[in-house]
Amino acid sequence: MSFLWGMLWGVAAVMVIAGGAIVGVWWERKVSARIQLRLGPQQIGPAGSLQMVADVPKLLFKEDIIPAAADEPFFRYAPLAVFAPIAMSVAVIPFATGWAPFDATAGALFFLAVPSISVLGILFSAWASHNTLSAIGGVRAAAQMVSYEVPRSLSVLSVLVLAGTLRPVAVMDAWEWWWIPATFVGFIVYLISSIAEMNRGPFDIPEAESELVAGYFADYAGIRWAVFMMGEYGGMIAASLFGAAMFLGGFRLLPGAWGVVAFIAVGAVLMTIIMWMKWTFPRLRQDQLMTFCWTILTPIAIVQLFAAGVIAAWL
Amino acid sequence: MAVDENRLPVPETVSDEYAPGVKGFMQGARSLLTGLGITASASTRKPITVRYPQEKVTVSDRWRGALQLKGALGRDEIDLVSAPPHEYNAKIDGLYRNDRLSPCTGSCPANVDARGQAFLIADGRIPEAYELVRERNILPGVLGRICHHPCESACRRNRYDEPISIRLLHRFAYEEYRKVAAERIKPLPKTRDQRVAIIGSGPSGLAAAYDLMSLGYTVTMYEREAQPGGALSTGVPSYRLPRDVLYGEIADLVALGLDLRCETEVGKDVMLSSIMRENDAVLLAVGLQDSRILPLPGTHADGVVGALEFLWAANNLGDAGVKGRRLLVIGGGNVAVDVARCALRVGATEVRLSCLESDQEMPCHPWEIEEAVDEGVIAMCSMGPVEVLSEDNQVTGMRMKPCLSVFDETGRFSPTYGEDTQDIETDVVVFAIGQAARLDSLVSGTDLLVSGRGQLVVDGADGTTSVPGVFACGEVVTGPGSAINSVATGHEAATSIHRQLEGRSLTEGRIARPVPVYEKYAPVDMEYVEPDRRRAVVTLADPDERATDFRPVESGLTKEQAMAEAARCLRCESEVCVGCTFCARTCPDFAIKVERTDQPGARCLTTYELDLTKCCFCGLCAEQCPTGALQHTGQYELSFYHRDLMTFDKGEMLRSDQGSRATGLDGITSPVCPAPRTGPGERP
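Top line first, the protein sequences correspond to chains B and H.
So the mapping is simple: my numbering equals the position in the first sequence, first residue as 1, plus 10.
So the mapping is simple: my numbering equals the position in the second sequence, first residue as 1, plus 47.
To be clear, the hints were calculated from the coordinates, so they are not data collected in a lab.
Predicted model, so just to flag it, every value in this text is computed and none were measured.
The beta-carbon is built from N, C-alpha and C at its ideal position, and this holds for glycine as well.
One should not assume that every hint holds.
Said to hold, decoys possible - From the derived model, a few chain B residues whose C-beta atoms are all more than 10 angstroms from chain H:
#1 26
#2 43
#3 47
#4 65
#5 174
What the hints assert, rightly or not - Partial chain B-side listing against chain H, Cβ under 10 angstroms, derived:
#6 41
#7 45
#8 46
#9 49
#10 90
#11 94
#12 279
#13 283
#14 289
#15 290
#16 291
#17 293
To be verified - Taking lysine to aspartate or glutamate and the EDC-like style, the derived pairs with C-alpha atoms no more than 16 angstroms apart in a straight line are:
#18 B:68 with H:572
#19 H:661 with H:691
#20 B:72 with H:691
#21 H:117 with H:656
Construct the entire structure; sequences and hints are all you get.
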């Protein structure tokens, strides 16, 4: 029975991510267009809002091309290996008082650990494509994602130290307003390292279209490519919502059902900021990326964690 | 000059490295925030791109998808223009409205299917070609000699090099047909019991007679002269039209069932009123018999003659009384040139031709006056006659004055003259300035109305006269004109008679012949045109020799010449590619390759290749395609599995234009070329 419920929640999470990706892609196209003094999509639906509804069937019906030299089983299922962990991570996000789709005791750890599995999927796809550019992209992605796990986990840890629990629902119950200023530096570190985790600009060197075409998914087309795309937007949605819950109070910002609305609104604002940053900053170099991670973000996260520890001990 | 990098000026505000420590960190953070601020403010500004139009865009026929061929030589036959005489106009009109009417057919007054003729000749079906032409042009052999061929002026080949020699193909078809005429001519069945009488055996009367006989009527034709043919017999010089051609074709008509009664002058030997009683309809195709003579002083003197009288004497007697005398022709039309050239042949020592118009404006056909001048005729242009000078009632000369302009600003005939006169010495003056009808004895005893100016009262559109059941056609209706124009009026009159005898309204539902206007072509620079693209040329007899007797001036085409000439036909508007190669020549990218074979009976487009990797979709090829076979499709989103597949071969070019699809793996096979005919009796 619980297995069936799990299936249901899985389907629901995929739907949320797919729907969010559809809205997110449209919104990103609008945001990027306005930053570049363009109009963006405008033909299909009001302000082009149904553009993705038209694009998704197009992607579905495109030819499923598998390169002749590719390692076929890995090539076929690598997109799922990238997408599934990200979809799973949505399960532990607390949406309302005492409720998350999967109310795990070690939920925060789950959220930080499970999406890391998608590194394997990326390596699968990079290797299975049998393509130099894909391989370079995959190796870059692995190095980048493994590195940025560290500051990201440390920054979330500062909130967990304040709450004294790994269970996200319990963190939300314990949340108090002054945590926002107290963990603000950690929040910035969390945001930046999340962007790097999802391989988005300015940290998109694994994709780096001007050097690597599209990096690890250069050889993918049609629905398989779309799954990668959904993974990216799914990661964005998950990171935004989890950040909004942990660092910005989530549904606790407003009382009752309005809290859920506020939670989703804050998540949307965070997504917009992530897009804003992508369309503002130029892409980093590999060495700059690593230097930034280990010499700036990680020390700052450690300092934040130390500060949170002091506050927790003092209380 | 070498540049010392270290001494290049660097602005103080620009740095590629941040200071170490907290200060550098703060600088970096500040730059990041500044960047975010810049993009944020940019997003609030008005976008500079264009807003799309609100209306949805639909696919227009004029958009240019990949090309295709509607049909191809060797696979698709072209439709021959053929219909019963009373429905022919509707057929032509339908073709015209659908842009399927070839310019030669459209510009011919009788709408002869010259395109079909060339198709059949090139295919080796020459007697069929003759019979196709005869449906509309009852005397193909005659018109093949004398026609002024408006078809050739409209021929679309004028755009590329030179027009098809349609007239010479008529003549060639006639000459070939003569060999098989006896076995191919069968009397037309008389399926109706009504009778029609036709007065006059000129081209219009003969055309009407043929139409009416093919509809099943019994036709009787009356001719005043001993030989039939009307003006063709009495007026056209025999160096242009050998009489055996004319009489041979009329004999064919008699063999088809025409009751021809020569030396029977209506109004004298038999009265028109009795003919009207005996027949259900009467058609007056009497033509124009009287020459007009200018009312000038001295025209009563001996030596002043009319053009028709002169030509009649020269043609029928071989002597017009001008042997050893000087002659002056007044007039600049084709008849005037005929008179001048005949005069040379019957022994005139000096022939002058004077006309009001300048040499550029002369109403005769340019090739006519050119041949006449070659033979020794002296053309005196821009001269107006004043007075005939005579001594003892015998012409001695003509006083002329210069003509400054012939037409006024509105284009009406209103000549203006200069002052200083000039006397031309001559023994004979021939007026070739126009003709009039002679109707007095013809209409006596009937109710036919003749206008004050001596013209028959007649409706020009359907040929009805003031008496029901009596119709008129030919030059008596239209005034002086060309033979093919008279033939056209004969068809109209026959249609009127058929409607009348069937008891239908003459006008209701009747479709007038469309009069398409075709573009005028400037002469093409032939310098770079290959010799085998040029039109067939026939030899003209040596001017000095030919001017002494009535031998034919022009020779006909040989069979090889005629087949090659017919194969030049572009089959305009047929929607069947003939492999004319003009698309390949037009293509700016050299993307098209066309080849064809011209074996009679197996003519075929062997290769048509369009290289889409080179095609720029400019559409020039389709725009100039004379047949309309090459067209753009609505297939805008072609995609290919391999670059080699982007060359469309003939089979791919002939694909259906429905839908848009991936090509290259469609498995369309090229149609196979037909094998040459080798059966007995068929010319290969």
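Taking the hints in turn, this is what the structure says about them:
1. Even its closest Cβ contact with chain H, about 27 angstroms, leaves residue 26 (chain B) beyond 10 angstroms, as expected for a residue assigned away from the interface.
2. In this structure residue 43 (chain B) is not separated from chain H by more than 10 angstroms, as the shortest Cβ-Cβ distance comes to only about 7 angstroms.
3. Residue-level check failed: residue 47 (chain B) sits 5 angstroms from the nearest beta carbon of chain H, not beyond 10 angstroms.
4. With a minimum CB-CB distance of about 16 angstroms to chain H, residue 65 (chain B) clears the 10 angstroms threshold, and the non-interface call stands.
5. Every Cβ of chain H is farther than 10 angstroms from the Cβ of residue 174 (chain B); the closest lies at roughly 32 angstroms, confirming the non-interface assignment.
6. The beta carbon of residue 41 (chain B) comes within 7 angstroms of a beta carbon in chain H, closer than 10 angstroms, and the hint placing it at the interface holds.
7. Because the closest C-beta pair between residue 45 (chain B) and chain H is about 5 angstroms apart, less than 10 angstroms, the hint holds.
8. This hint holds: residue 46 (chain B) has a C-beta 8 angstroms from the nearest C-beta of chain H, less than the 10 angstroms allowed.
9. Because the smallest distance between the Cβ of residue 49 (chain B) and any Cβ of chain H comes to about 5 angstroms, under 10 angstroms, the interface hint for this residue holds.
10. About 28 angstroms separates the beta-carbon of residue 90 (chain B) from the nearest beta-carbon of chain H, more than 10 angstroms, and the hint is not met.
11. Taken as an interface hint, residue 94 (chain B) does not check out: its beta carbon lies about 33 angstroms from the nearest beta carbon of chain H, beyond 10 angstroms.
12. Interface restraint check: residue 279 (chain B) against chain H, minimum CB-CB distance 13 angstroms, threshold 10 angstroms, status violated.
13. At about 9 angstroms, the closest approach between the beta carbon of residue 283 (chain B) and any beta carbon in chain H falls short of 10 angstroms, and the interface hint on this residue holds.
14. Checking residue 289 (chain B) against chain H by beta carbon gives a least distance of about 6 angstroms; that is within 10 angstroms, so the hint holds.
15. At its closest, the beta carbon of residue 290 (chain B) sits 4 angstroms from a beta carbon of chain H; the interface hint therefore holds under the 10 angstroms criterion.
16. With a least beta-carbon distance of about 6 angstroms to chain H, the hint placing residue 291 (chain B) at the interface is held under the 10 angstroms criterion.
17. About 13 angstroms separates the beta-carbon of residue 293 (chain B) from the nearest beta-carbon of chain H, more than 10 angstroms, and the hint is not met.
18. Taking the CA atoms of residue 68 (chain B) and residue 572 (chain H), the gap is near 54 angstroms; set against the 16 angstroms cutoff, the hint is violated.
19. Our distance criterion of 16 angstroms between C-alpha atoms is met by residue 661 (chain H) and residue 691 (chain H), whose separation comes to about 12 angstroms.
20. The straight-line distance between the Cα atoms of residue 72 (chain B) and residue 691 (chain H) is roughly 23 angstroms, outside the 16 angstroms bound, and the hint therefore fails.
21. A threshold of 16 angstroms between alpha carbons decides the hint, and for residue 117 (chain H) with residue 656 (chain H) the separation of about 15 angstroms falls inside it, so the pair holds.
Violation of the numbered hints given earlier is confined to hints 2, 3, 10, 11, 12, 17, 18 and 20; the remaining hints are satisfied by the structure.
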